[in-house]
Amino acid sequence: MNLKKLSIENKKIRNLIPQALTILALLSVIFYFATNAQINMGNRGISFGFGFLSQEASFDIAFSLIEFDGSYSYGRAFLVGLLNTILVSIIGIFLATILGVIVGVARLSNNYLIAKTAEWYVEIFRNIPLILQIFFWYFAALRALPSPENAINFYDVSYLTIKGWYIPKFVWINFDIFCYSLILAFISIYFLNRYTKKQREEFGKILPTFTLSLGILISIPLLSFLLLGVSLSFDYPELKQLSETSYTYENGVSIIPELIALALALSMYTATFIAENVRAGVMGVGKGQKEAAASIGLNKGQILKLVVMPQALRIIIPPTTNQYLNLTKNSSLAAAIAYPDMVLVFAKTALMQTGRAIEIISITMLTYLSLSISISILMNWYNKKMAIKEK
Amino acid sequence: MILNNLKPTKDKINTFLPLGSIFVIFAFLDVLTNTFLNYNITGFLPKTLNYFFPLLLGYFGLYLIRIEFSGNRFLDKLNKNINSSNFNAFLTLLILFIIIKAISPLMNWLILEANFAGSSKDDCTGNGACWVFIKVWFNRLMYGLYPDVEQWRVNSAFLLLFALVGIAFFVPQKIKKYFIIFLLFVYPFIGIKLLSGGSFGLVYVETAAWGGLSLTFIISAFAILFCFPIGVFLALGRRSSLPAIRYISIGFIELWRGVPLITVLFMAAVMFPMFLPDGTFIDKLIRVLIAITLFEAAYMAEVVRGGLQALPKGQYEAAKSLGMGYWRMNVLIILPQALKLVIPGIANTLLALVKDTPLIFVVGLMELAGMIGLAKTNPKWLGMAMEGYVFAGLVFWIICYAMSRYSQNLEKKLSTER
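Protein chains in written order, with our numbering: chain Z, 1 to 391; chain D, 392 to 809.
If we strip away everything but chain Z, and leave its shape as in the complex, we get (with noise of 0.2 Å):
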């Protein structure tokens, strides 16, 4: 036997021991952790598992999007969690990027006013801790709203109060056709897409695909209305007395304040990052690739369309995901404010009453964990299919 190949010469081996030695501290401490939590749990008498899941609440929500209330069990007091930090997410979501599209563009803006308000909305917004607005908005400026009688009254539909907001309920008759036709309306814009594309590449024939779509998208729900039976009415807010000096509105949706302040000091300081990627973008398209667009003839708007948007795209989506992915991570700091989401409801409210710290913060750091990596599993496989393909 060869006995070069045992010593500490063979490059194998020598890569082998730190790789050993990394492996074993790092199963000892997790040994060390695991032996002592099944101690610390069998001094208090509770053993691990996620039976718990299944067991009453009996603590009530004060926001939800579905059915809930004390009877219900700890796994679906897990979901109203969840649900409730989707919604703020994608309202957040919504609003920044609209925000964020319209300070980045406002910035490169060649009026000086204009850029120059976008930019100092960007510095400060960006330089103040999320939570510290995130408080302002709600402990400070929403209180500052009138009580339910006096509301700040948008035509009779709509009230801003203390409480809330109050904006009508949407009563659907047959929601499931009308849903069935706006998916209808969807695959078939795709169909007309493929044979623009198709009229356009080997024909040369240009079609108005996007006054086309629009129509689309509009004629068939509106068909479905008019031929299937499809109706929708709203139920508007109307004040009631509840005493003497109490006042609320009834009927209707309210959107509790925790919610708006949530959503917009989500929105405000996310935007001021999108609008930097949506700045960098635009700007990172080089200025020869529009004067050549133009030198063959095409027009501001195909410009913008065909040569601009796509490149510039390819610059902001990738850090854009980013930035909604932090929004997500950072609507957890609902938390602070009594927002209900998954942290509040779950790694607070649960926990105390059930006092399995250990499964539930595992439960909730793995659900986002497993939301950051699917993003990021898209991220990548959109990367690959928008990176330049060089023949």
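Treat the hints as calculated values from the structure; they're not laboratory data.
Do not rely on the hints blindly, as some may be mistaken.
[Said to hold, decoys possible] Cross-link-like lysine-lysine pairs, in silico, DSS-like; alpha carbons within 27 Å at most: (1) Z/Lys197 with Z/Lys385; (2) D/Lys704 with Z/Lys12; (3) Z/Lys300 with D/Lys468; (4) D/Lys398 with D/Lys468; (5) D/Lys584 with D/Lys567; (6) Z/Lys197 with Z/Lys300; (7) Z/Lys116 with D/Lys471; (8) Z/Lys11 with D/Lys704.
[Stated by the list, open to error] To list a few chain Z residues with every Cβ distance to chain D over 10 Å, as calculated: (9) Tyr72; (10) Asn153; (11) Pro168; (12) Leu192; (13) Thr211; (14) Glu238; (15) Lys290; (16) Lys305; (17) Gln353; (18) Trp381; (19) Lys385.
[What the hints assert, rightly or not] Facing chain D, a subset of chain Z residues (Cβ under 8 Å, in silico): (20) Pro18; (21) Phe139; (22) Asn330; (23) Ser332; (24) Ile358; (25) Ile361; (26) Thr364.
Quick reminder that beta carbons are idealized off the backbone N, C-alpha and C, glycines included.
Fit chain D to the given chain Z structure using the hints.
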């Protein structure tokens, strides 16, 4: 025909410029008297028209003075910068009017009608902000619940730190090395001893009493000190050729980067004690510090990895061809260059770290934002949330803005050097 006559051209400058200027000036006059003197010049008009009148008038005025190549340098500059098209003119007016309208209530609240003198809420009689609140609570906002008589210790710890950092910039290169080693490895212990006391005749102050803005600085300073080396190790680990080390590093980095800081803090507060032998107690501040450090180290690792990836392969090969081993190569050749590349990224991570510190209130530690939460719920000072959060926002804004400006300058400087 009429439209043609209204088109602003250079030959009509003598009529259009004065006319347009009068329109614009009148529009601004209307808004200004409206906001500051409470007098409505155009009150005779119908209500809706009255409301939009300055906008319409200013818009028309700006249209008239939009004369290309007028020869007047000031006018050309004005047109180019704020009045280049109808849409731009409209936005310009809108922004200016909003600023004028907003500045009056803002100034009233902040300064003109605010109260500065006094010592209790009853002294706040005006409609403006009650800065007495900040004045009375200032000590608490800066030092938390740290005993008043002992606060000189916090001050001297920070003064010593600033002095040492300041001196480190000026001492000759030869001693600098020892100075930095002292700063990194000896000063932290001195600082901790000074703050917590318990010996050398200093009264013991438990960490639960630490708080306010000084706690923000303490946490930031320690987290920066520790997260940097951990981040560098993780970055090297992620690029290691040894699979076990690489995968452990990747797992560690992605785990921390995938979860929000608030859950990490919860973990440090409620889950971590379960993992320790019964009866062992680790101070809450230390647990939080470890959590923040590991969290930020993962972000730091990704920044450093960016620098490592940006280095050309030739650097590695050259180092290896000189016979250098892994550590010598990294410490002497790779890291100095890679870290220099990512200084702006490091500065941004540190900025994020400072912005994250207020989150520690979720585990019951109170820095500036937390102290304001405490102060505004004091029965004697109810209703002071606005003042408190505006003040805290301003303090944090100044710190973070200064940091981001510094990192931007650094970025510019470094990008021109290369």
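Each hint, compared with the structure:
1. Z/Lys197 with Z/Lys385: Judged against 27 Å, a Cα distance of about 19 Å means the pair holds.
2. D/Lys704 with Z/Lys12: holds, 23 Å
3. Z/Lys300 with D/Lys468: holds, 25 Å
4. D/Lys398 with D/Lys468: holds, 20 Å
5. D/Lys584 with D/Lys567: With a Cα-Cα distance of about 24 Å, the restraint between D/Lys584 and D/Lys567 holds, given a limit of 27 Å.
6. Z/Lys197 with Z/Lys300: Between Z/Lys197 and Z/Lys300 the Cα gap is close to 21 Å, so the pair holds against 27 Å.
7. Z/Lys116 with D/Lys471: holds, 15 Å
8. Z/Lys11 with D/Lys704: holds, 22 Å
9. Tyr72: holds, 23 Å
10. Asn153: holds, 18 Å
11. Pro168: At about 26 Å from chain D, Z/Pro168 clears the 10 Å cut-off, so the statement holds.
12. Leu192: For Z/Leu192, whose nearest Cβ neighbour in chain D is about 32 Å away, the distance exceeds 10 Å, so it holds.
13. Thr211: holds, 23 Å
14. Glu238: holds, 29 Å
15. Lys290: holds, 18 Å
16. Lys305: holds, 20 Å
17. Gln353: holds, 13 Å
18. Trp381: Label holds. Min Cβ-Cβ 17 Å, cutoff 10 Å.
19. Lys385: For Z/Lys385, whose nearest Cβ neighbour in chain D is about 22 Å away, the distance exceeds 10 Å, so it holds.
20. Pro18: holds, 6 Å
21. Phe139: holds, 4 Å
22. Asn330: Nearest chain D Cβ about 7 Å off; hint holds.
23. Ser332: holds, 4 Å
24. Ile358: holds, 6 Å
25. Ile361: Holds: closest Cβ of chain D sits about 5 Å from Z/Ile361, inside 8 Å.
26. Thr364: This hint holds: Z/Thr364 lies near chain D, its Cβ roughly 5 Å from the closest one there, short of 8 Å.
Against the hints set out earlier in the document, no violation occurs for any number.
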